[in-house]
Amino acid sequence: MSKSNVSMTVNGKAVSAEVESRVLLIHYLRENLGLTGPHIGCETSHCGACTVDIDGKSVKACTIFAVQAEGANILTIEGMAGADGKLHVLQEAFREMHGLQCGYCTPGMITRAHRLLEENPNPTDAEIRMGISGNLCRCTGYQNIVKAIQYAAAKINGVEYKEAAE
Amino acid sequence: MNAPTTPTSLERAEKLQGMGCKRKRVEDVRFTQGRGNYVDDIKLPGMLHGDFHRSSHPHARILKIDTSKAKAVPGVVAVLTAEDLKGVNLAWMPTLAGDVQMVLADGKVLFQNQEIAFVVATDRYIAADAADLVEVEYEALPVVVDPFKAMDADAPVLREDIKDKTDGAHGPRKHYNHIFNWQVGDKDLTDAAFVKAEVTTKDLLVYQRVHPCPLETCQCVVSFSKITGEITIYGTFQAPHVIRTVVALISGLPEQKIHVISPDIGGGFGNKVGAYPGYICAAVASIVTGVPVKWVEDRIENLSTTSFARDYHMTTEIAATRDGRVTGLRVNILADHGAFDACADPSKWPAGFANIVTGSYDFPVAHLSVDGVYTNKAPGGVAYRCSFRVTEVAYAIERAMDIMAQKLGIDPVDFRVKNFIKREQFPYQSALGWEYDSGDYHTAMQKALDVTGYRQLRAEQKAKQEAFKRGETREIMGIGVAFFTEIVGAGPSKNCDILGIAMFDSAEIRIHPTGRVLGRMGSKSQGQGHETTWAQIIATEIGIPADDIAIEEGNTDTAPYGLGTYGSRSTPVAGAAIAMAARKIKAKAQMIAAYLLEVHEGDLEWDVDRFRVKGNPEQFKTMAQLAWAAYNKVPPGMEPGLEAVSYYDPPNMTYPFGAYICVMDIDVDTGVHKVRRFYALDDCGTRINPMIIEGQVHGGLTEGYGIAMGQEIAYDEDGNVKGASLMDYFLPTAVETPHWETDYTVTPSPHHPIGAKGVGESPNVGSVPCFANAVNDAFKFLGSTHIAMPHDAYRVWQVAENLGLHR
Amino acid sequence: MIPGTFDYHRPANISDAIVLLSRLDSDARVIAGGHSLIPMMKLRLAAPSHLVDLAGIPELKGVRLEGSDIIVGAMTTQHEIIANDLLAAHIPILRETSTVIADPQVRYVGTIGGNVANGDPGNDMPALMMALDATYVLSGPKGDRRIAARDYYEGPYTTAARPGEILTAIRIPAPPKPHGYAYEKLKRKVGDYATAAAAVILTVANGKIATCSIGLTNVADTALFAKDAAQAVIGTALDKASLAKASAGAEAITSPAADGRGSAEYRTKMAGVMTARALSRAFARASV
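Protein chains in written order, with the working numbering: chain A, 1 to 166; chain B, 1 to 807; chain C, 1 to 288.
Just so you know, not all the hints are guaranteed correct.
Stated by the list, open to error - Straight-line alpha carbon distances no greater than 20 Å define the calculated EDC-like cross-link-like pairs of lysine to aspartate or glutamate that follow: (1) Lys722/B - Asp146/B; (2) Lys189/C - Glu712/B; (3) Lys447/B - Glu466/B; (4) Lys722/B - Asp259/C; (5) Lys240/C - Asp667/B; (6) Lys722/B - Glu712/B; (7) Lys22/B - Asp55/A; (8) Lys588/B - Glu601/B; (9) Lys61/C - Asp55/A; (10) Lys189/C - Glu127/A; (11) Lys3/A - Asp25/C; (12) Lys407/B - Glu198/B; (13) Lys187/C - Asp323/B.
As the list claims (entries may be wrong) - Some chain B residues close to chain A (C-beta under 8 Å, calculated; not the full set): (14) Gln208; (15) Glu216; (16) Pro263; (17) Gly266.
These are computed hints drawn from the structure, not numbers from a lab.
Beta carbons are placed, not taken as given, at the ideal position from N, Cα and C, and that holds for glycine.
All chains should be modelled from the sequences, with the hints used to inform the complete structure.
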């Protein structure tokens, strides 16, 4: 139908709405739910600034209709810190390692990094670069993003962060 | 007896988190939580959305625009065309380069995707549907896409609006498609040097058209109140005050009723300096409807219509002695500006600061001539971390020096060193009119050579060349060198103005009674970290911890007038204003301290965060104590309060420099390259935050890598724009992007209050010629002298094919 | 950026999907991962009035062994292919190929069915399926039928699928153990279509190539089955001469488009280079 009811869970909260079928998930999140963390950087599905986490998968929210996410469990950057406001280790790591400048790619990048570390808790630098190859950044040149993710991985694994020679 | 422990000077200095330390960024707290405030995050009650219908033709007369179907779509509030804008005298707008530009197509279109109609609707989906339903009847006209043909006698007329004007904004025009000619240097002496030169080189060095492509496109929300006559404009503006003044000049609205706010900006890189039709149309729509109007462009619109960069065709000649001393430099540039000259240059500089083309070398004579022409392409030219055309000419001089070195049979490093401006020659008067403030090129170059093991790399390269000739390997190795000097910090009022406003910048610093600080500056960060670094300058200057200092930029109501952030000008100009304002505060605080401590001002000395009595250090007042005192215990006759404003008119530009070395391996059978190593040594004078400097360098190197190795906004012979989406425009991912090694020397600027020069654009300036030189260097032993950018695999393969390497 | 309007349907099983397609307007499209279709819809290059989402059909998922064939459900994602142990054990070239398709996010959602079904000459899996001699299972109003991948592609975006048919599964005969394999893809960056790519499956006996099949990606209107190129190396120990013959055989059947990645001549030559490199890698693997 051209309009449907869609229900999903976003950052732990059940939400539902009647939306046009063609409404992209990114617009549903940003405009209907007011979650302006994930951003839009292109219309050809290349930049990854819109990356969210759907049922344990990194997905570009600009390339899926909201109706396709019926019943899904979605995590955006806004859901990464704890309910008490304690930052996710990745959020701290990006700040610690200067893994951001303008901040526009950051929500998608951190959300992707989160899933990356769930897939692979001990990635090499090359695996991290492959792992974030769906997220473009124009400011940092990626190098400090790689360090940030390594730093977070070390913290999650309870080991000391050692800067590897790339 | 146990004296109470006072923290040492060192401990107190560390607590300040002032200049020189790797202070973690204040901005990151909100960015990492997705709580930045970007333009598209803004939602105002009743807000409408605007979208453009754009031209499919690159050059055509518009016979008819039918907006009836678009207007009939439910939810569409208005559809504007040039006819509607003429009613408010806004169908055309002035550009920063002294030209005029169509806001909406007026009678004809001049480049593909040019704006024709602006649809305003209740949501962006409806606006998109309606924009598709605008119908346009065109009469196609012949196109001009080759700038070298723009001034042919029978070239099509592009700008009918100025067809008969023989004088442009920058002097006489030689042809109806000509914009300006700009010359500097001594032509006669230079020509003479070439006539008697022992060796000369001459090459057409083309820096292809590219685009800065920040991750966030250009956008705005304009809200006009019919009740109060106030207009508030949120936008992606690198120079919000300039936008405000431009709006005042073109709209007739009084400037005090115009509130321009740049919130967080997702990358600028020069893309967001000038005004675009989307801003004007959104403003007109808001004025007409009385409700807020948002305009957000998509990526294809951004890449194909907003400020492109480069498109400089530079015939570059060097004259030298046989033993390698340069004796002259002659450069003729053809600049393709597209349909309108919308360059964001300071107004007297139609070719920006192209006369830095002498670079790091002591040319006794030089001459530069630049001709700008119109073509059927998007307007613009100055953008993408270029420092006003410095990237273009740095490419030219660094390539040309390599070409001459090859002709002379001298190592490219040795040839450069032989011709470096020497340390004792600074301040150095260049043959093209600049006074370089400071430099120590020999030290920087030597450091680069030592760290990279340059001579061993050359030995390795020689061995690999022999192996290639023997057929043992299909890989060739290139070593690229670039030693750039660039010019930033626009700029002194005697040289630089934007639309007549001098290019000073400003800082207003206020200390509250409890010793906390609020600073507001005329600059506007788009990722450079000013909220963090400006506080560091203030912290060191006045001894209050950076964490107690809030920095605001971007709201033109509260920020002192500034010319914005681009051209690496923030540290040289706003940074200087910050230091000067801080010193005014410190001077006042010293008077208060002297009064409180009952000594003469001259009896006091400054120690990190306090004034203390010389010889009697237990007698002190911290800045925090003085702040409190400023509100209740100032000396008789002194005004209470502790604040200062500085508008800083820099006495000169600043001249950062650097030594970059790249090692690259190329597979001749595919044209694919691999950057084995990239070393970048930058000298930006005093370093405020080394962590942020390193981040800026990484980012600029990555942009330069994209440019040199694959970026291009091209036009086919029919004027169709190619490569204007992220499917084709080469933005490297983390996988392709090389690992960067950064290093530095520190040669302070003698005229800057804290000796800082600025660094944001240096890596784009230096890296592009470094990569290009690496590719060229790889093929030299096979007889190649110049290969044009971009060095994508296909083009590199083609070079190998033409050299017969595939037989 | 904004697609046109459409009606959205989400059937619960294959037969409902087929009935839906037969009833809806002829411009109704199925949507699998959507990462080819939705970008086209956002640029308004595709404007279906109905979308039939296959995501709600469990029978379209899963990977299982049936005798010596591996059956891969059409809605299996690239990510699932990479993670699947059965495929890694029996058809390791699949994992190698999936890894160089698009980027991590796209691989989470993009399906093998979507990659093979619509005849996009830039997609990687069709050449692989040809090299593996896979069979596509199509379900339609007249029932199920099977068609060899080598017979399925007719032109750009033109296939042997009939209106109303849905590709539901891919049947792949497991290559002999041991076998050599390689997918050599020349691309400018992660996420790009191939400038040229070659898929090779071969077996070696007594140091010589016994069987060989080669598929080529994005160097013609469809993926190509390079019969002559493969023939050139059978019975050889993959010496320089036979490699050159194989490259030439690959080049001879290409007719690539010129585009931003290079001229037609370049892409043809790269088909040859990728073929040679894939053969060398596959041979080395088989000889371990």
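- Item | Hints the structure fails to honour | 3, 7, 13, 14, 16
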